Amino acid sequence: MAVKHVDLETVSYTPQTNDNDIIVEVQIGDAADEDGSYSVFLGSRFIGANAPANIGKKADVGGKTTVVSVTIVDTLTETNWTSMTVFVHEGDGLVTYGPYSEQVDSDLDTIVYTLKITNS
Amino acid sequence: MKRWIYVVVLIIMAPQLLFAQDEAKLTVPASPAFSILNFEPSAVMRPTTAKSLSSDILNAFDKDGKLLMNLGLEVAPYWLASHPKLSRQNYLNPNLGQTILRSLSLSAATVKDSASGNNKLGAGLRFKLYNGEPAGDVGKLSAQLKTKTTVIAIINGIRASVGAGAIDTRQKAIASIDNMLTTAGIDPKIVTETKNDAKRLQDDYTDDPAGIKSFLDDLVNARAEAYKGLAKKISDMLYQRKGFIVEMAAASGFNTSKNNSLEKIGFWSNVSYTLSPDDYITFTTRYMFKNRDTLTTNFDAGFGFLKKAADFNISAEAMLRHQSAEIPDINSTNQPITRIEKNFTYRLAVQGSFKVSEGISLNLSFGRDFDSPFINRSGFFSILGLNYSIFSKEIPGLK
Chain D
2 MAVKHVDLET VSYTPQTNDN DIIVEVQIGD AADEDGSYSV FLGSRFIGAN APANIGKKAD
62 VGGKTTVVSV TIVDTLTETN WTSMTVFVHE GDGLVTYGPY SEQVDSDLDT IVYTLKITNS
Chain U
121 MKRWIYVVVL IIMAPQLLFA QDEAKLTVPA SPAFSILNFE PSAVMRPTTA KSLSSDILNA
181 FDKDGKLLMN LGLEVAPYWL ASHPKLSRQN YLNPNLGQTI LRSLSLSAAT VKDSASGNNK
241 LGAGLRFKLY NGEPAGDVGK LSAQLKTKTT VIAIINGIRA SVGAGAIDTR QKAIASIDNM
301 LTTAGIDPKI VTETKNDAKR LQDDYTDDPA GIKSFLDDLV NARAEAYKGL AKKISDMLYQ
361 RKGFIVEMAA ASGFNTSKNN SLEKIGFWSN VSYTLSPDDY ITFTTRYMFK NRDTLTTNFD
421 AGFGFLKKAA DFNISAEAML RHQSAEIPDI NSTNQPITRI EKNFTYRLAV QGSFKVSEGI
481 SLNLSFGRDF DSPFINRSGF FSILGLNYSI FSKEIPGLK
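Line order of the protein sequences matches chains D and U.
Take the first sequence: its position 55, counting from 1, is numbered 56 in the numbering used here, and each next residue is one higher.
Take the second sequence: its position 341, counting from 1, is numbered 461 in the numbering used here, and each next residue is one higher.
Just so you know, the hints here were simulated from the structure itself, not pulled from any lab data.
Nothing here was measured: the structure is a model prediction, and the numbers come from that model.
Every residue gets a Cβ at the ideal spot worked out from N, C-alpha and C, and that includes glycine.
It cannot be assumed that every hint is accurate.
[As the list claims (entries may be wrong)] Here chain U is said to cover these stretches of chain D; the calculated rule only asks that three of the stretch's residues, wherever they fall, bring their Cβ under 8 Å from a Cβ of chain U: (1) 13 to 27; (2) 51 to 64; (3) 98 to 108; (4) 112 to 121.
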């Protein structure tokens with residue numbers, strides 16, 4: 002049972018307002034949402050796991066990097082595809098990163114996605 | 121000495137065993153294209169992406185553009201691509217269209233008939249109309265697995281912070297893991313297991329960024345290994361279904377050496393009710409059309425039952441067949457005619473496999489096979505065999 006690491010290309014996010022909270026959440030696809038999981042960090046600070054994570058307002062995130070780490074186990078025999086999509090909400094605004102998809106090599110393998118979002 | 125006698129008896133009876141079981145399958149064939157050709161290719165391609173599908177199709181032809189023989193292809197079109205919006209709930213509760221789409225499997229096969237020298241091509245499809253329910257409480261096990269994958273997600277997040285001013289020693293990494301897993305509400309028992317794994321592994325690494333990252337990667341591997349059994353249980357549960365399952369299949373066989381003439385067509389439908397992975401009843405209908413020297417049409421309908429236990433398997437089946445054959449013949453004045461034979465016939469069979477001791481099982485089949493419009497023979501059969509498993513400890517599955 003192997004673990005595959007996928008370090009995704011770093012992306013950027015520009016906060017649009019001064020007063021709205023910035024919420025990061027992840028949608029895990031390919032029917033793996035009930036046993037896959039994710040965690041959200043702002044820099045080295047752990048914000049939350051498996052639920053929309055409030056990383057703060059524009060002043061809190063400026064110059065820092067949001068790290069989204071997603072772990073998925075391939076439990077479907079039909080496919081070795083895994084996927085995840087990251088959403089950043091700020092007030093009424095929404096920015097989507099992905100969907101990102103990768104295949105594991107064998108059934109029951111684990112894949113770990115890491116996405117870094119630099120906040121300007 | 122006795123064991124060798126049993127092996128010889130089994131070898132002698134093997135052809136009869138195969139014949140008796142040839143039409144015994146009360147299920148939709150797993151690969152209709154292989155079934156219509158009555159042939160299992162030596163090489164079967166099972167592409168999992170659109171790219172590998174095109175590559176496999178190209179590789180099925182030689183440099184002159186001719187189809188290579190003894191090849192098989194099975195593909196599930198829906199699963200060639202990723203589905204980022206597919207949730208587990210929707211996967212487990214699809215509507216009719218989604219069930220058909222997700223269960224659809226296409227198969228193709230080529231074979232060179234060793235008797236006639238003709239090249240044959242088979243093409244088929246298979247899908248479900250209804251796929252029952254998971255055999256157990258998948259949700260409960262998935263919640264357990266989610267907790268364990270959260271541990272890895274957090275460890276990996278810490279790994280991204282490795283460097284000067286943040287996580288710059290293995291001890292800081294372990295302390296962060298402890299703190300963050302607790303903050304995330306992870307079961308204290310799992311937090312302790314993770315810390316114990318970390319302490320066990322840390323001595324193999326050094327306190328530089330590369331060393332700490334490698335240490336955390338190793339910890340991730342150890343945690344993933346720990347939930348391997350749970351992941352397997354979930355996978356099995358998602359695959360094995362209970363309740364009603366309705367399946368359909370169709371296939372056709374062509375003779376590519378004779379202008380792609382149609383030789384066979386088959387349709388199958390099956391409704392089964394699975395009480396558990398070890399008990400099910402099934403109702404099957406199938407239609408088979410063959411056009412070779414004679415033209416035959418068979419329509420079968422039948423019931424079957426299978427029971428599996430630790431020390432034995434037993435199955436029973438009953439099938440009714442309407443068969444029709446158009447046979448080229450000569451009349452009393454030596455003029456060519458077509459003789460049409462139609463009748464009803466039936467098949468009854470009981471098969472059992474009993475565990476005698478570890479690795480040895482006794483297999484018994486008896487019943488009455490279909491009448492044939494071509495061969496006069498007694499339809500009754502009884503086969504007794506002994507199976508000795510060197511590697512597999514499971515009782516041979518009944519077909």
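So which of those numbered hints doesn't the model satisfy? Hint check: 1, 2 fail, others pass.
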